[in-house]
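Required output: the full structure, derived from the provided sequences and hints.
Letter by letter, the chains look like this.
Number of protein chains: 2
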Amino acid sequence: MVTICVDAMGGDEEPKVVLDGIAAALAADADLSVLVAGNEEVVMPFAADHERARALVTTEVIGMGEHPADAVRQKKDSSIVRGCAAVRAGEAQGFFSAGSTGAIFAAATLGIGRIRGVKRPAVANPMPGASGRSTVFLDMGANADVRPEMIVQFAQMGRAFAKTTLGVEDPKVALLSNGTEDTKGSEAVVAEHEALAAAGAGWFVGNCEGTDILAGKFDVIVTDGFTGNVALKTLEGTAKFLLSQIRDAAHSSKKAGLGALMMKPSLKGVAKQLSGDAYGGAVLLGCKAPVLIGHGATSVEAVKNGTLATAHAVREDLVGRVAEELGA
Amino acid sequence: MVTICVDAMGGDEEPKVVLDGIAAALAADADLSVLVAGNEEVVMPFAADHERARALVTTEVIGMGEHPADAVRQKKDSSIVRGCAAVRAGEAQGFFSAGSTGAIFAAATLGIGRIRGVKRPAVANPMPGASGRSTVFLDMGANADVRPEMIVQFAQMGRAFAKTTLGVEDPKVALLSNGTEDTKGSEAVVAEHEALAAAGAGWFVGNCEGTDILAGKFDVIVTDGFTGNVALKTLEGTAKFLLSQIRDAAHSSKKAGLGALMMKPSLKGVAKQLSGDAYGGAVLLGCKAPVLIGHGATSVEAVKNGTLATAHAVREDLVGRVAEELGA
Chain H
1 MVTICVDAMG
11 GDEEPKVVLD
21 GIAAALAADA
31 DLSVLVAGNE
41 EVVMPFAADH
51 ERARALVTTE
61 VIGMGEHPAD
71 AVRQKKDSSI
81 VRGCAAVRAG
91 EAQGFFSAGS
101 TGAIFAAATL
111 GIGRIRGVKR
121 PAVANPMPGA
131 SGRSTVFLDM
141 GANADVRPEM
151 IVQFAQMGRA
161 FAKTTLGVED
171 PKVALLSNGT
181 EDTKGSEAVV
191 AEHEALAAAG
201 AGWFVGNCEG
211 TDILAGKFDV
221 IVTDGFTGNV
231 ALKTLEGTAK
241 FLLSQIRDAA
251 HSSKKAGLGA
261 LMMKPSLKGV
271 AKQLSGDAYG
281 GAVLLGCKAP
291 VLIGHGATSV
301 EAVKNGTLAT
311 AHAVREDLVG
321 RVAEELGA
Chain W
1 MVTICVDAMG
11 GDEEPKVVLD
21 GIAAALAADA
31 DLSVLVAGNE
41 EVVMPFAADH
51 ERARALVTTE
61 VIGMGEHPAD
71 AVRQKKDSSI
81 VRGCAAVRAG
91 EAQGFFSAGS
101 TGAIFAAATL
111 GIGRIRGVKR
121 PAVANPMPGA
131 SGRSTVFLDM
141 GANADVRPEM
151 IVQFAQMGRA
161 FAKTTLGVED
171 PKVALLSNGT
181 EDTKGSEAVV
191 AEHEALAAAG
201 AGWFVGNCEG
211 TDILAGKFDV
221 IVTDGFTGNV
231 ALKTLEGTAK
241 FLLSQIRDAA
251 HSSKKAGLGA
261 LMMKPSLKGV
271 AKQLSGDAYG
281 GAVLLGCKAP
291 VLIGHGATSV
301 EAVKNGTLAT
311 AHAVREDLVG
321 RVAEELGA
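Sequence lines, in order, name chains H and W.
Taken in order, the first sequence gives residues 1 to 328; the numbers are from the working numbering.
Taken in order, the second sequence gives residues 1 to 328; the numbers are from the working numbering.
Just so you know, not all the hints are guaranteed correct.
If several chains are the same, the list does not tell them apart, and a pair holds so long as it fits within one copy or across any two.
The calculated BS3-like cross-link candidates involving lysine-lysine, where the alpha carbons are at most 27 Å apart (straight line), are [claimed, not checked]: (1) Lys76 with Lys184; (2) Lys76 with Lys16; (3) Lys240 with Lys184; (4) Lys268 with Lys254; (5) Lys172 with Lys240; (6) Lys119 with Lys288; (7) Lys217 with Lys172; (8) Lys76 with Lys288; (9) Lys264 with Lys240; (10) Lys268 with Lys240; (11) Lys16 with Lys268; (12) Lys264 with Lys254; (13) Lys255 with Lys240.
These aren't lab readings, by the way, just hints derived from the structure by calculation.
From a predicted model like this one, the values you see are computed outputs, not experimental measurements.
Encoded structure:
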């Protein structure tokens, strides 16, 4: 039996969405039990109703807009801080929340602690790719300024995640740059390239470009947290823009409108591909337990998949694989 | 009469596509004449057939994959190098090419020369936005490492372009970062923010995120050439991925296929919006004449619009407006 702590208060949706997601995960996985963290009136009735659910009653909630480090310091009885503490104490083996990425990053780094030798944890996003091949994209975390040796660790942690989650035996890693040639990039990126070339003989395959993030060409694409954030947000903005344009186009003529109606189920599938719901969230790599971070605009299916994916990461020993990959 | 030099050898397509685009521009603008740079067999017959076209016979072509600075140094008789020289000599008032961005950047900086006081020219892309408002996005050029005072100049040049091209009276500028708060960003971006806040009282509105590039929220979004390249390539990759997914979805059922067929004209319009064909290209800001750079995968319409937009930039005195904005 694997126990996952799930934050019932995370995300922009009502706690009911999260609870329904947890219930769906429990129904799908008979070897799963859940520690549900949140306000008493939310978690107690749920625990009473579900055999494999226990309640972790907390009194505070960290909002999506709060300053992460300040919120984690001040709200000691929040579902995020207490959830991470419960993992540290061994009451659960992994943590899932659809709350603020920054707050989860801070709470997990402090509360669960880093794997020995990890300089900075990183946040990885599994991206869908043309041809069905997925790409692990990192860092999406708070690491806006990195040193070359941190990028090397991000690459190694990304490889461990690609092994456990995508089932790739020997994942190949590319460095995001503004051109594929070895000499392309800012001074910092050129230095990162050199460090990767030295450390990653056998798995570092060189520079790639923004067009490659969704192309399914590499198992892992690594970058600093600043560039990673800009790229992911640009991707989200582009998808939003295109889907809104398609909606507008559907209103441009009767024929187009009817066509859109007939395509609707398929278009929804496309939007879902990019939403991250299929996997359930981003993964925080480098802590002593698997931590998954769902999209704030979450759904029942996203919570279900995120909870199951956290349990899967525990069973596949993601933490052990990261430690091994880091050559610890 | 405005004369624009057009590179007949630029881009991945046959020269015929460029020539047809020039012919369409000449037909659309009776006050336009064109100096067509390229191989003799390409440009001579065209000049003979068109009253307001003259030939600039060159013998070399810079390929899309060549090292920009090396190619410009070595291929002195290429259409790009000779075209820029013709502009410097006063034979034309602006230059348009669908060739290699890096080569055009290098040839124009050396061959046409910078406006007094400009530290580094920058490449700006006019982006379509939700709600119809466009955003000037820069830098997309060779400036992977920038100093804060360069970002301030990019912002000022972007403002000049937004004034002449988008017709905005007092363009507002945002800085691309990994969050909207003033303190967000890498150390470099935080320093850029401070420089913009000091220089841009009245028009600098703070940080923005990747989701804003296509949101039509700001007149100008400024960033370094590394981040700008990653964002633009991510945008292209996302659009490509989504459109391919929609194509796949159309094949998933008969109904979806029929729906896609009915939506096809509208979907083409959506793809066009993002292709840059509507404006004709990116603009190189900071040189002593307007230089426009078309997408390598060009089209008759893109060349037509790019040539007309270059003439428009000459008539609107883009160069004078840039100089004025820089407080020269």
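*Up to 27 Å between alpha-carbons, please classify lysine 16 paired with lysine 268: within, between, both or neither.*
within (23 Å within a copy, 41 Å between copies)
_Up to 27 Å CA-CA - lysine 240 versus lysine 255, copy category_ = both (23 Å within a copy, 24 Å between copies)
*Under a CA distance limit of 27 Å, which applies to lysine 264 and lysine 240: within one copy, between copies, both, or neither?*
Both: 16 Å inside a chain and 19 Å across chains, each within 27 Å.
_Copy assignment of lysine 76 with lysine 184, given that the CA separation must stay at most 27 Å_ = between (45 Å within a copy, 25 Å between copies)
*asked:* Please sort lysine 172 with lysine 240 into within, between, both or neither, judging by C-alpha distance up to 27 Å.
replied: Between copies only: 23 Å across chains, 30 Å inside a chain, cut-off 27 Å.
*Check lysine 119 against lysine 288 for me: Cα-Cα at most 27 Å, and say if that holds within a copy, between copies, both or neither.*
within (13 Å within a copy, 48 Å between copies)
*Have a look at lysine 76 and lysine 16 and pick one of within, between, both or neither, based on CA distance no larger than 27 Å.*
Close inside one copy (24 Å), not across copies (69 Å); limit 27 Å.
*Homo-oligomer pair classification [lysine 254, lysine 268; C-alpha up to 27 Å]*: both (21 Å within a copy, 17 Å between copies)
*27 Å Cα threshold - placement of lysine 184 relative to lysine 240*: between (30 Å within a copy, 24 Å between copies)
*Between the shortest in-copy and the shortest cross-copy C-alpha distance, which are at most 27 Å for lysine 217 and lysine 172: within, between, both, or neither?*
Within one copy only: 9 Å inside, 38 Å across.
*Please work out whether the CA atoms of lysine 76 and lysine 288 approach to 27 Å or closer within one copy, between two copies, in both situations, or in neither?*
So lysine 76 and lysine 288 pass the 27 Å test inside one copy only (20 Å; across, 60 Å).
*Taking 27 Å as the upper bound on the Cα-Cα distance, should lysine 268 and lysine 240 be classified as within, between, both, or neither?*
both (13 Å within a copy, 17 Å between copies)
Against the hints set out earlier in the document, no violation occurs for any number.
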